[in-house]
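These are the residues of each chain, in order.
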Amino acid sequence: MSQETMSLFSPQLAARLDALVEKYPRRRSALVPMLLYAQDEVGYLSDAVVAEVAARIGITELEVRNVATYYSMLRFKPAGKYNVQVCTNISCMLRGGYEILERFQQELGIGPKGVTADGLFSLEEVECIGACCWAPAIQVNYDFHDELKPELVPGIVDSYRGKAQAEGGSSHA
Amino acid sequence: MPRLVSHPDEVKIVTRRFGLGAADIDRYMELGGYAAAKKCLEQGPEWVIEEMKASNLRGRGGAGFPTGMKWSFVPKQSAKPKYVLVNGDESEPGTCKDHLIFLHDPHSVIEGTIIAGLAIGAKLGFIYLRGEYRYLLQIMEKAVADAYARGFLGKKIFGSDTEFQIITQTGAGAYEVGEESALMESLEGKRGVPRIKPPFPAVVGLYGGPTVINNAETIATVPHVIAMGAAAYAAVGSPRNGGTRLFGISGHVERPGVYELPMGYNLKKMIYEVAGGVRGGRQLKAVVPGGSSTPVLLPEEIENLGMDFDQVGKAGSMLGSGGVVAIDDQTCIVEFAMRTISFYQHESCGWCIPCREGTDWLKKTLTRFHAGFGEAKDIDNIRYLAENMLGRTFCPLGDAAAMPTLGFVKKFRKEFEDHLNGKPCPFAKHVGLAVV
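Each protein sequence line maps, in turn, to chains A and B. By the numbering used here, the letter at position 37 of the first sequence is numbered 37, and the numbering carries on one by one without gaps. By the numbering used here, the letter at position 40 of the second sequence is numbered 40, and the numbering carries on one by one without gaps.
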């Protein structure tokens, strides 16, 4: 896709996706990573994202949706700016994963799959994230936090609140 | 940052460079890196395959298939391009070893991929990480870029006339994609549903070309096998089980962590000595020996159990991915079984009916049972459902769900019976899991 001006994505992402389709022996192989990168920037797979990805790969929107619905990290609704994913699978469960989930529910005032009113946080109970020996573990977006205790939860929430403030701070200053 | 652990009984081969800054290419080479790939380039493919066969290295993904044998199945002549595919979609609950390999020694994965490519005559390799491992993908991407800059990857690797390229990418959340044929589907930009076998990937794989698919730990082990020699590597392990394994010990132990121990190492010792015993001085109730899909073992079954593919198989379970999960006496096995099956229900891709329906009914039954609404006939019904899933699906996910369930029901029948007649769970902790 050379009509970058028509792209929904930032110039950086558009350039990255241009390169991505050329990388593989077949164009379609770029589909799953492309969806993930697009979601990272836009926040979710909106109709417009699906349409642009379909055009870039050269398949129908229906085919894009058919693939996207298979993968649990891909979503069709916005999540919070910081998506908190608490693992409760066996290794985490044995070391208090459910207690961590409960504490996040209290701190954020939302249940699993909820989004806070300010749009800052969303909460998800997830399957194994590959941090079993450092359980209980969570991911906030792509960042891991491991060997957690419920009393560490407020500090984690605060640190992301602070991060959001620091990022948005300049425009309000 | 995942904590590294250490124990005097460890034999550090694959983890030798962990914590030493080997993600940096210069440091990796100071520590002996890329010499094995150069050697393989000089010696040629047949020598490499013979070395791998002699090493007794067996696939670390779970099935334990001999690596050299797998490579030898790829036809020498092929009209279609051949490929190497590295499976780093590490998703089996209890397993986090590849996480550390990508973090601490990304070049060992690249070097192993080059060697596999040389052995089978492929010009392109893929390293596929699970979607959650974004920070590890970034580490891998940098390592691959550095290897290209040095001429270790590209049109003429190490100054020879041989071409080898690597593409790295992640998935987007799917346990099923860890199954080799589903992995190829995902890499082709499709839903990760399994393909029927035969044909096997060695003959018809990615894009229809002959493809070797190896677990990331297997691939990271390959350069070490070449460097130390097949005979020396084989000598470390037990008969027919060469070398070491990265055992991830999690759950109710004092010192959880990933420990590199010789194949055949005693499981009881692993829990009580290496990992420091059961947390808080409690008693051991059960052990899941190789990731959540492997049938549970009782304390008396691990007394003399050597952790290799053959011995654990004889004990009625599997070595699997090497993820050892220790369970203490304060744990409800019905709840543990429910959480295990609820994972497989979530991850079943729905392609094969016995798995799609079986996992769903097992989850429903176990959830109701644990909530105190079980009936006596449920126990046999759980067995009936699980037994009828076994061997009736395209890929092993159906078995992976059925086997541990059968183990829990057979070995802890009394605990299931105790839940009956409206009696709530005696451990009564997380009964809130929704009946979906």
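One should not assume that every hint holds.
Derived coverage of chain B by chain A (criterion: at least 3 residues anywhere in the stretch with Cβ under 8 Å from a Cβ of chain A; other residues may be distant) [unchecked claim]: (1) 21-35; (2) 124-135; (3) 246-256; (4) 270-278; (5) 391-397.
Label pairs and their in silico Cβ distance ranges [to be verified]: (6) A:P11 x B:I167: 21 to 29 Å; (7) A:G114 x B:N304: 37 to 45 Å; (8) B:D26 x A:G168: 53 to 61 Å; (9) A:P150 x B:A79: 38 to 46 Å; (10) B:A79 x A:A55: 29 to 37 Å; (11) A:S10 x B:L298: 31 to 39 Å; (12) B:L298 x A:S159: 31 to 39 Å; (13) A:P150 x B:P8: 52 to 60 Å; (14) A:S159 x B:P75: 52 to 60 Å; (15) B:D26 x A:E63: 53 to 61 Å; (16) B:K269 x A:Q12: 24 to 32 Å; (17) B:R282 x A:S159: 48 to 56 Å.
Just so you know, the hints here were simulated from the structure itself, not pulled from any lab data. Where is the CB? At the ideal position from N, CA and C, for every residue including glycine.
Hints versus structure:
no., hint, verdict
1, 21-35, "violated (count 0)"
2, 124-135, "holds (count 7)"
3, 246-256, "holds (count 6)"
4, 270-278, "violated (count 0)"
5, 391-397, "violated (count 0)"
6, A:P11 x B:I167: 21 to 29 Å, "holds, 24 Å"
7, A:G114 x B:N304: 37 to 45 Å, "violated, 50 Å"
8, B:D26 x A:G168: 53 to 61 Å, "violated, 40 Å"
9, A:P150 x B:A79: 38 to 46 Å, "violated, 60 Å"
10, B:A79 x A:A55: 29 to 37 Å, "holds, 33 Å"
11, A:S10 x B:L298: 31 to 39 Å, "violated, 57 Å"
12, B:L298 x A:S159: 31 to 39 Å, "violated, 43 Å"
13, A:P150 x B:P8: 52 to 60 Å, "violated, 35 Å"
14, A:S159 x B:P75: 52 to 60 Å, "holds, 55 Å"
15, B:D26 x A:E63: 53 to 61 Å, "violated, 45 Å"
16, B:K269 x A:Q12: 24 to 32 Å, "violated, 53 Å"
17, B:R282 x A:S159: 48 to 56 Å, "violated, 34 Å"
Of the hints listed earlier, those the structure fails to meet are numbers 1, 4, 5, 7, 8, 9, 11, 12, 13, 15, 16, 17, in rising order.
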